[in-house]
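Asks: Chains as they are written, first to last, in the working numbering: chain A, 1 to 307; chain B, 1001 to 1358.
Hints listed in this document are in silico derivations from the structure and should not be mistaken for laboratory results.
The structure presented is a predicted model; accordingly, all values stated were derived computationally and were not measured.
All residues carry an ideal CB built from backbone N, CA and C; glycine is no exception.
Check each hint, because a few of them may be wrong.
Stated by the list, open to error - Just a few of them, taken from the derived set where beta-carbon distance is under 8 Å, the chain A residues facing chain B: (1) L43; (2) V98; (3) T134; (4) L229; (5) I265; (6) G266; (7) G270.
Unchecked claim - Counterexamples of contact, computed for chain A against chain B with all Cβ distances above 12 Å: (8) V10; (9) F15; (10) A18; (11) T107; (12) G108; (13) P126; (14) L130; (15) G135; (16) Y187; (17) L194; (18) G259.
Residues per chain are reported as follows:
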Amino acid sequence: MTSDPGIWTVLLAIFAGAIRVSTPFLFVSLGECLTEKSGRINLGLEGTLIFGAMSAYATAYGTGSPWLGVLVAGFAGLGLGTLHGLLCNLPRINDVAVGIALMLFGTGLAFFFGKPFIQPAAPRLPGLPLGDWTGNPAIAAALEINPLFFVGAALALLMAWGFKTTRWGLIVRMVGDSAAAARAMGYSLSQVRLICTALGGFLSGIGGSFLSLSYPGSWNEGLSSGQGLIAVALVIFARWNPLRCFIAALLFGGAGALGPALQSIGISQGYYLFNAAPYILTLLIMIASVSPKRSLKDAPSELTITR
Amino acid sequence: MTARLDRWRARSEYVVMPLGALLVSAALFSVFLWALGKSPADFFALIWRGGFGTWFSIQNALLRAAPLILTALCVALPARLGLVIIGGEGALVIGGLACAVISLPIAGVWPAWAVLLVMAVTAALAGGAWIGMVGALRTFRGVNETIAGLLLVYIAVALLNFSVEGPFRDPASQNKPSTFPLPAEAMIGPIPGMEVHWGLIAGVVLAAAYYVLIDHTTVGFAARVTGGNIRAAKAQGLPVGRLVVGFSMLAGAAAGLAGFFEVAAIHGRANASLAAGYGFTGILVAFLARHNPLAILPVALLFGGIAASGGLIQRRLGLPDATVLLMQGVIFVTLLASETLYGRIPFFRPADERSAAR
């Protein structure tokens, strides 16, 4: 450790960054995982993420309570998710196109109402100081972890368990895998999908609140920059498995932390290229994980995007 | 006679429905403005004044319509093959960046027309390669084209930032890192008698060319068959892969050209202003035009006008600049919701079908 402090600083920064940056990815991908399991895709989660970030920040600024902001962001996402679910339930509506429209709509809403909140500072979500025992300020700072991260991790476990063993999980999977079977059992496809899409929106909204209230921890218009979209692609990489969503989110968090980590030890050459790392990584992983020859294993077969 | 009337009725659906969606979204947005305590009447009057009311504002609208035509073509062409590629913003940025970079060694050395020609070709090729890549990934790897196209937007912007901050930065550009500026004689002037640059003409010509290509040639027919039913197209032995990649490249070339005109006629250099959102508004334009290249022209003018009036709305009504963006979002959502009504309104159906339905 003494021989080359540069490497260790970078590794520590990437590790800390992975935990810090991964939370929004985690929430959006879990939300999208739920939606896609029911056989529908919501590309609008990018807009939901931005709108969630804005509404959380505005609420925290107005009320002084960041946790209330998290809740409001969830309900803002629930609203957008419900809108997506309702529109897609209409006959002959393409869910990919509606997703694009809602991406634009959510972004528009967020920018419109978010203008007055770019300057003022809202109270942030407190982190849990888990590294104080080390006595090393750098490690302590790296281990100051937001409770939402643990909520997300627990949620991944809960969802994995729920899909596997509960009655609700079975219904969602059946609706996503075989519309015919679900209809035969007497379940309403549109109802199940509406609920899954709305809840998916709720989770994405919470992911957005993390962006504005914890890391980077302020509201501005470039805040989300495609993270919601990456999270959608990440679900494909995670093969619709909530636990693998968690691992994938950590991986992408690490990729996102690469640029700032290298900059912290003075490597600023190509900083903007390192900023592109998560997008390039997503693209490469999509190229590697899908194949035109066979349809994707584990994919819900009613899902339009993989057919 | 009735047969002819019926045909017109059936066709009118494709004009009436989008117009209806526009009206509904205007009504929804009016309610929204009214709830905020702003006057909807003032709002729409300002859009009219800022976008279409005077010769000056019409020119302003046309100026903004030019890149919208080109980026909308970038969405419309692949859509006819059944692909939702919405990466036009990325192709525009890459086209603009590539032509600015290639101009660096030749600007001021070669004659101006040669510089511009090389720049235009480079921009079209770069944009074409960018979206062609999306088509190729779809064809050969089965990567979803919508997500891939959008990811490439962020990658394009990162490449632009990297280039203007690093290797191609003009040290004189302090606050806004840019590439070296083009010499004045290598800039594109306005169309004579107007203040609108030649990108508008290029957009109109390209829209017409793409219309002929897709609606009146054999290749275009093959593309439309592919869009209608890809399995049938494959069974017919159509070269689906080549069609997808080829049309994606043509689509990207249009957006790349939009980048060229932004650089050579507006900014005179490549910098962050290239990513001004034309690619994203182009998506809406293409959808509202139902992916018909000719219908894109009036729709692009409409949105050019709305964009041009943004500043006026901001100043007069004290609304944030995102108002236009939000209105676009409302229009897009309403428009897609209206899709569900196609073929379900009896009025548009032929007379015999209507009586049969009764």
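Asks: Each hint: holds or not?
Replies: Verification of the hints:
no., hint, verdict
1, L43, "holds, 7 Å"
2, V98, "holds, 5 Å"
3, T134, "violated, 35 Å"
4, L229, "holds, 5 Å"
5, I265, "violated, 19 Å"
6, G266, "violated, 16 Å"
7, G270, "holds, 7 Å"
8, V10, "holds, 20 Å"
9, F15, "holds, 24 Å"
10, A18, "holds, 20 Å"
11, T107, "violated, 7 Å"
12, G108, "violated, 3 Å"
13, P126, "holds, 31 Å"
14, L130, "holds, 32 Å"
15, G135, "holds, 39 Å"
16, Y187, "holds, 23 Å"
17, L194, "holds, 15 Å"
18, G259, "violated, 10 Å"
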